[in-house]
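These protein sequence lines map, in sequence, to chains A and B.
Count along the first sequence starting at 1, add 37, and that's the number in the numbering used here.
Count along the second sequence starting at 1, add 3, and that's the number in the numbering used here.
Warning: the hint list may mix true and false statements.
DSSO-like mimics (lysine-lysine), calculated; alpha carbons at most 30 Å apart, straight line [stated by the list, open to error]:
(1) A/K359 x A/K325
(2) B/K159 x A/K89
(3) B/K36 x A/K427
(4) B/K159 x A/K50
(5) B/K50 x A/K427
(6) A/K89 x B/K155
(7) A/K429 x B/K36
By construction, these hints were calculated from the structure, which means they are not laboratory data.
For clarity, every value in this text was computed on a predicted model and none was experimentally measured.
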Amino acid sequence: MGHTLIEKIIGNKVGHEVKPGDIVTVDVDWCMIDDIMAPFAIQKFEEMGFDKVYDPNKIVFIYDHFLPATQVDDSRHFRIADEFADKHGLKNVHRTDGICHQLMTEAGYVKPGDIAFGTDSHTVTYGCVGAFSTGIGYTEMAGILGTGQLWVKVPETIKVEIDGTLSGNVTSKDIILKIIGDLTASGATYQAIEFTGSTVDAMSVASRMTMANMSVEAGAKCGLFAPDEKTCDYCKIPYDDKVKALFGDNDAEYSKILRYRAEDFVPVCACPSLVDNIKPVSELKGTKVNQVFLGSCTNGRLEDLRTAATILKGKHVAPFVKMIVTPASRKVYRQALADGTLGILSDAGAIITTPGCGLCCGRGGGILSDDEVVVSTNNRNFLGRMGTSKVKIYLASPATAAATAIAGEIVEA
Amino acid sequence: MFNAKIWKLGDDIDTDIILPTEYLAFETVNEMKPYAFSPLRPDLASKIQPGDMIVAGHNFGCGSSREQAPEVVKALGVSCIVAKSYARIFFRNAINNGLLLIEQPDLYDEVQEGDMAQVEPGKEIIVNGKSYEIANLPDNLMEILEAGGLVKAMRKRNGLD
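Taking the hints into account, I'd like the entire structure generated from these sequences.
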């Protein structure tokens, strides 16, 4: 009997074969702590009676949700985290570099086969490079800071096979939204999802990140891609036998296998206010929008900004629409600045903001009010996520978002 | 064994509903309490009395990893949550905060808000004369729950309590 990818990653770490349902304690390669949760994790760490962290080099602090601060108490979080980092000799502190989930792979921390935990649910994003990563609470994080370990239950795996060639206006965002719609918001709870097939092989690492990122919206513990040469280029590591062994075996046992033809996907939106309320964009045509948000750890990368720029070049955002563009990281910002992408978006009337979580976490950068409609490239459309509970949030791809910004109503690119 | 009044919520009660992002940075959980469940039912937090229980459908606690969500529910004095299923991060966070979670497939569809329940953890819940069977948690989780949460379990490990 073969093994799924998650069974291999956890098995390699604990040094023996594992099967779904096994409860094992793993050594943790990376701890990611964001600015919202840092003070709480630090407080719990101290309450637990620890006086030193297990390994200062494996802990990464990233300030992103509250940056730049919009409420008077926010900067307190930075100060508490800074003091802790000083006291414990933490070197990996990103104070203004971008969204945590973008940085954990972009800045060179998480590699294929690693195990990482973060104080944010979208920690699943690092599955894009074949790492096991998932979100936990701040109390568990405090425990890891002290012990370097966490218990995990080996999950079952849902395999998603996608083969064929996507049509021009369909992106990996449309694919993952469709899959979440099919699985439902709880269809993968406690389970891993493994994405395979020729369509996935042809995708950039950035496109895979979008899908790994949203696997949690189906309840998944992680969303995994077997690492390939592209992954190794991105991670700046050799494509060696150790990496090549990280894939789900053909004879592994899967709880479910979903098969898709790439040609069958169409542009879709997740409609208010559930991530699994999926409808084709063509059925939503005519829905007037007040705002468009292009950004987040789901779709704030260079290829996303370029996709939007291609559509917006020489055109203009509809007069009553605010389009907000928030690059996922400083690096993305600088690259998009250097290649003219930001210039095109700005000329088209978009507002370019500083890298960070921005509107996705409802803190700053475009809060809306009752009965307003926003088309957004992020990952959640929950009640009250971007302002009042009467704001209507439609989740879409960067292509759909850009076309919608021009039309002032939801349209296909 | 304890008795509890039922508050009933639906499927997919997400963590943004349990506690919206704008209240996450309050210094204490007591300051967060009035805003629990506010996007869905603004008056619910003021009505819940210590000892009451929440009954919900599938996927309770889906969404973000914010631990303030189970903490605020615990701080309201909720004795336990009974749902058809839970999102995994919420599940771990609740246990780590000593909040009892029970999975039960049938109860939700058969009880009304305001009904009284008699709960015997690991055995059964009785509502309107009908018994609903409930299972025990795995041993490693019972240890954390019985210690009163993960902080207390770690303090014990570190020889402090």
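Tested hints:
1. Taken as a hint, the A/K359 and A/K325 pair is honoured in the structure, with Cα atoms around 12 Å apart against an allowance of 30 Å.
2. Proposed proximity of B/K159 and A/K89 is supported: the alpha carbons are some 17 Å apart, at most 30 Å.
3. Taking the CA atoms of B/K36 and A/K427, the gap is about 22 Å. The hint holds against a cut of 30 Å.
4. Straight-line distance between C-alpha atoms of B/K159 and A/K50 comes to about 27 Å, which keeps the hinted pair within the 30 Å bound.
5. For the given pair, B/K50 sits about 23 Å from A/K427 by alpha-carbon distance, which is consistent with the 30 Å threshold.
6. This hinted pair checks out: A/K89 and B/K155 have alpha carbons roughly 18 Å apart, not beyond 30 Å.
7. Restraint check for A/K429 and B/K36: satisfied, since their Cα atoms lie roughly 26 Å apart, inside the 30 Å limit.
This entry satisfies every hint, going by the numbered hints stated previously.
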